[in-house]
Each structure stands twice: as C-alpha cells, then as structure tokens.
Amino acid sequence: MLLIKNGCIVTDEGVFKRDILVEGQRIKMIADKIDDQECEIIDASGKMVLPGFVDMHCHLRDPGYEYKEDIYTGTRSAAKGGFTIVACMPNTDPVIDSKAMIEYIKAKSRTDGVIDVLPIGAITRRLEGKRLTDMGELKEHGAVAVSDDGFSVSNSMIMQNALLYAKTFGLPVISHCEDTQLTSEGLINLGRDSTFFGMMGISKAAEEIMVARDVILAENTGASVHIAHVSTEGSVDIIRRAKQRGVHVTCETAPHYFSLDSSYARDFNTDAKVNPPLREKSDIDAIKKGLREGVIDVIATDHAPHSEDEKNIEFQLAKPGMVGFETAVPVALTELLHKNMLDWTDILNKFYCNPCKILNLKCDGISTQAVADIIIIDPEYRYEIKTEEFVSKSKNSPYQGYKAKGRILYTINKGRIIVRDGELDREVI
Amino acid sequence: MKYMRKDLLGLRELTFEEIDYILSTAELMKYILLQDVKKTPHLNGKSIVSIFYENSTRTKLSFDLAAKYLSATSCSISVSSSSVNKGETLIDTGKTVDAMAADVVIIRHPFSGAPHIMAKNVEASVINAGDGVNEHPTQALLDMFTIKEEKGTLNGIKVAVVGDILHSRVARSNIWGLTKMGAQVRVAAPATFLPPDIEDMGVSVYYDTDSAIKDVDVVMGLRIQRERQKEGFIGSAYEYYRYYGINQDRLKLCKKDALVMHPGPVNRAVEIDSKVLSSENSMVDQQVTNGVAVRMALLYLLTRKGSRKDVIN
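Going down the list, the protein sequences come from chains A and B.
Going letter by letter, the first sequence gives residues 1 to 429 in the numbering used here.
Going letter by letter, the second sequence gives residues 1001 to 1313 in the numbering used here.
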C-alpha cells in the first residue's frame, strides 16, 4: 500500500487538497485526511498530484533502430518525464503495419517496459502512401490510432479513403502534414533566419496546405482527423475555423513549437533540426494562444531520439527530431503555467484528458477505483536541463542549459513507483 | 592588429577590422604575385590540404597556386578518388587530414555549414571555399579587394548584385562583407531568386535591373544555373537576359567608370553580354588574379603563428 499525503490533486473541476491511498494497482480511497497506515508514505505537501500523463506521439525506435532508443530505455525516459502511457509511431523497421508488429510492441512492452506502450499502426503499408493497411485487424490487436508520421500521405484520394476506412473501425487518423514538393531542399523555416544562416528554407505553406486539405477531407467525409505537431500560426487559424464549422478535427503541438524559434539552428546546430522546423516568434505566440483557447487540444512530446553519429554531421544530412520525454513537462510548466498561459486544469487536459479522449482511452483521472497511474510534480523546483542526465539513450536536445521551473518528482504506474524524488527508482534501473 | 581566428568560415562573423586587415595583407601578396619570380618563404614548412566535394576549376587552382607561391606543401583530395566513396564521414576525413599534421584545410562542400562542422572537429585552420548556398568568403574578399583597388575605398561605393541571390553563396558573402565595409548594396532579381527578409541584411531590393544599376559604381552578375529553368524559377534564359542581363545599354545607366564583375564562369548572353565582358569596365580577369593574392594573404595569416597548436580561436 502507498499513501500520498497532503498533495494538491488536479481535476477537471479544479485543484483539491486530499490524501490518496493506493492498494495494489488501484486507488483505494481519496479523502481529506487518511490516517497513516502501515504502508509507504509520500509527503506531497506543496506538490501537485495528477494522473500519469499520456503522450500520444513518440518514437521508441524499437524495432530496427535500437541504437537510438528501445522500449526498455524509452519507457524509463518517458516515466522520468511524467508519462505512464505512451503511444509510439509506426516508422520503425519493420514498419508497424501488421498484427505481428502490433503484437511485438505489446509483448516487448510487457517484458521490458515500465509504463504502458500503445502501438500506433501505419495508415499505408510500409508508409509508402499507396495501399491502406488492414486497419480493422490492427485495431483488433491493440493499435490505438493510425499514422504515417514522418511522411505525409500525399495522394489525396488515399488520404480520403484512409479517413473513411479508419472511421469504419473507430480508429483515429493522425496526419503528418507536409507538402514535400514545397519543403524540397529546405532545412529550416523559410524566413529571416534561413536567409541569414545561408540555408534553404521550408515555407509554412508546406504544412498549412496539407492541414487545409485534411480538414477539407474530414469535413467532406464526416470523418475525423488529428493533426500532428502543429507549428505555424496559419495552421492554428485553419483548425480554429474548421472547429467553429463543426469539423471533426483535433490537433497537437510539441513543446519546442511554443518555446524555441528558428534562431536555435544558428551555427548549424543540428539538435535544433526538426520536422516541421522551428518557426518564428509570431508562430510561438499563435501556438500558445491556440493552446489557451483550446484550438490545440494536446501537447505531445514528438520524442525523436537520434544517435550522436546521426546528429554530429552536416546539417543537411542530420536526421530531424529531438528527444522530448524528459523536457516536455518542465518546458510546458515553465513556458505556459508559470507565464499564466494555462492553469493546472489546462495542463491536465493537454497532457491527459484530451489525448485519452482522442485515443479512446479510459479517462478516470485521480478517482476511487481508478488505476493508480499517478504523478507528483514539484511546481517550484528550479534547475538547468542537462542532456547528459537524460535517461533516454539519445541526447539530441537543444534544451541543454534551459532554465526550467517545475519537475516530475514521482511517477507511479499501476501502484508501482517508477520515479522517486526525480530519479528512476533503483528497482527499475 | 592580428588576425586571431582559427578559421575563415564566412564573412558574417568577421569584423570591419578583420576584413580590412585581410585586404591590406592581400595588397602585399599582390605585389609578390606581380614579380617575375613569385616564390617566397612565407609558408615554408606549412602544409595545406584542399578537399573539394564539388567541382571547381578556378577556386581550386587559385588556392593551389597561392600555396605554392608561398612555398607551402600542398595537396588536394578530390572526392571521387577518396574514402568518402567508401562511406567515410566528413569529420573522419577531417580528422585523418588533421592527424597528418595539416596546417590548413580548404573545403568546398555542397551542404551549407559543412566547413563549420569540420572546423569544430579538427585542429587545423579551416577555410571555407564555398558551402552550399551559405558563403563563399574568399570570393567576396577578392571582389572587395578588386573594388578597393580600382576605387580606392569601399566606403560609400554603390554596388548592384544582379541574379540568383537565393542560391548564391557569393552574393551572401558579398552582402555581409560589403555592407560591413560601408558600401551600399542593391540586389536585383526576379522574386523567385530573392530569399525572404533579404532587406534585413542591409540591402535594397529591386525587381527592375535598370533602377537597380542606375548610377552604381559596381555591377556584379551572378551565375545562373541552367537547371533553374527546369525547376521553374525562371521562364527562360532568353527572358532572363532580357530583364536581368548586363548589356551595353544597361551599362550606360551605371556610372561611366563602373566596374563589371562576375565570379565566373560566365554564361555569355545570359548574365553578361560578350561586348560588356570584353570592355574596359570588365574586371573578370582582374578578379581571378586578385583571387590568388587574397588566398595567399589568408593562408599566410592563418598559418603565421608558428605551431598550429598555438592558433587561438
């Protein structure tokens, strides 16, 4: 048994100071005061208690790229970042486009993982954008969504059919929006910085055109679509207007799109190379506004680990992406909560309630009889992010030296303490 | 003043004083270059390695002669015959050359920033001989040297750069350098050839060549890659020449003694008319000569601090 005392529980109705008693894998009791039992007691005075966060967009690189990350290290890194459920993208090798691959992820997660891993299947076989996967079968075996993330489904007919076919099985479609003819040779956002740093640019239109297309397809078919990693002001506008019209569209952004701009790519810093690229100050402001207004439903990590050999090379050759599990929550708290853009309930919605709703997961939060997936956050803790301290196998992050306020103190998965006092528990290392 | 940097990666990071110092040193080198016996011991005992990942005739030869005139040991690696084809990384290639005690590595690469990553990983001084669409600092330095030689100063000189600014590392380096030295730079190109916010680099932007070159002291043409037509950047070479080519009528709009420059090789009757090219305004040959002088100066400045280990970044 585990007793969490004096914590401030965040719910969708507000923040309440309560004690929580955990027995086995579930929350047994929540009350104003629970007398000390013969069990481990966590004093959460002055700390925030929330359900374990759900990351609906990450890359665990397993199978095929285990030198960057695997389910063992990835789930530990996620747990350290406050996540108890992660949904992993299918751009592995082999691609997660069959029931066998779904089963592989599930089995490996059971043996190696310390939190829950939910596989996302591919929209098209081998992510080639040509033939749809057997989505019904993928769903039956445990896929929570489909996505060709990393690639856009460029053929509009295929995308239309994907939305309709996925709707048949109640599978969310997560769309990576990129007009690759427009991105062409581009390396960073097309703008002042691409001109100054001497790199070809990627226009915002490359994202926005596909966001607009997918919104139109969703509207015309009555299907729903989830837009991945929204990065521009224009995309937020398109989605805002679509939502006002009643289109079934949801979307996510990642912390780097509301905290870093393209200037981080200065001196050809490959850690700042991501897809879509880091944008401009006006986009950062629009993303924050979109989060505050509810246009952007979810904050996902887009955790994308790469080895040093894939980053310490020419910018043009470097793989896009940054690790995100261990920085997402601290960055969100620093940039959004502490700057009064979002309150605790908003944080709960962006990291838990909304991803649960989109992926059709149970959303019990902190409640009696709920599964004891719990995190405890110290909101006032100030520290400097050091990439060498990441649990992730990869260290590719431009947040080195970033001054954060707020950190994950405890991550509890099904009643088991995975992270204790901000570090992985000895039992799970 | 001493040139204290370890590398020459671009003109964006150089100060007015550093550029001025390089140009002054190049004057001395030009004197050497004009002698009957152009061999001096400035680089005696120093080793220079050129690594060209892209084709080049004049830049490669220019560096090679510069090194040889100053008595350096110089070698070059061409990518087709190197380990790069066996999958060796840029950094590994750099470290290999470094381990052979090279004092200077000259690198040309199709990717922006390649010399920068090389510089971070090797002890030798690195000279950027052109990287992607980013910079071609030695070309800009020789252009500035040529203008200064002819006009006596760069301060207040009006320069029009005409052509594919978007893909031109020569244009970028010239804009960084010339504006720092007090020149007024105008760029003229169709909108497809202009990168966004180029005005923020301190230049005036024109779509119309006639307006851009009116009363300028220097007009600089840029090479137009023929594939740009296929890529949809321009309608045709014919139309490009009509609106952006430097012909005799256009030249009359410039100051009478305006210099016509081009980094070469020139597409005749696309960027510059043959008659303009052979006129006394044309500086194309002088640019080539001055290129050797400027590169001699850079090799000298980057190697002159004795042991390569003494070089301070």
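Calculated from the structure, these hints are not laboratory results.
Treat the hints with caution; some may be incorrect.
[Said to hold, decoys possible] To give an idea of the interface, some chain B residues facing chain A are shown, with a C-beta separation under 7 Å as derived from the structure: (1) Phe1111; (2) Ala1114; (3) His1116; (4) Val1133; (5) Asn1134; (6) Glu1135; (7) Pro1190; (8) Thr1192; (9) Pro1195; (10) Asp1197; (11) Ile1198; (12) Gly1202; (13) Glu1227; (14) Lys1230.
For each residue, glycine too, the CB sits at the ideal point set by N, CA and C.
To see whether the hints hold, each was checked on the structure:
no. : hint    : in the structure
1   : Phe1111 : 4 Å, holds
2   : Ala1114 : 5 Å, holds
3   : His1116 : 5 Å, holds
4   : Val1133 : 6 Å, holds
5   : Asn1134 : 3 Å, holds
6   : Glu1135 : 6 Å, holds
7   : Pro1190 : 17 Å, violated
8   : Thr1192 : 13 Å, violated
9   : Pro1195 : 4 Å, holds
10  : Asp1197 : 4 Å, holds
11  : Ile1198 : 6 Å, holds
12  : Gly1202 : 11 Å, violated
13  : Glu1227 : 12 Å, violated
14  : Lys1230 : 14 Å, violated
The structure does not agree with the numbered hints 7, 8, 12, 13 and 14 stated previously, though it agrees with the rest.
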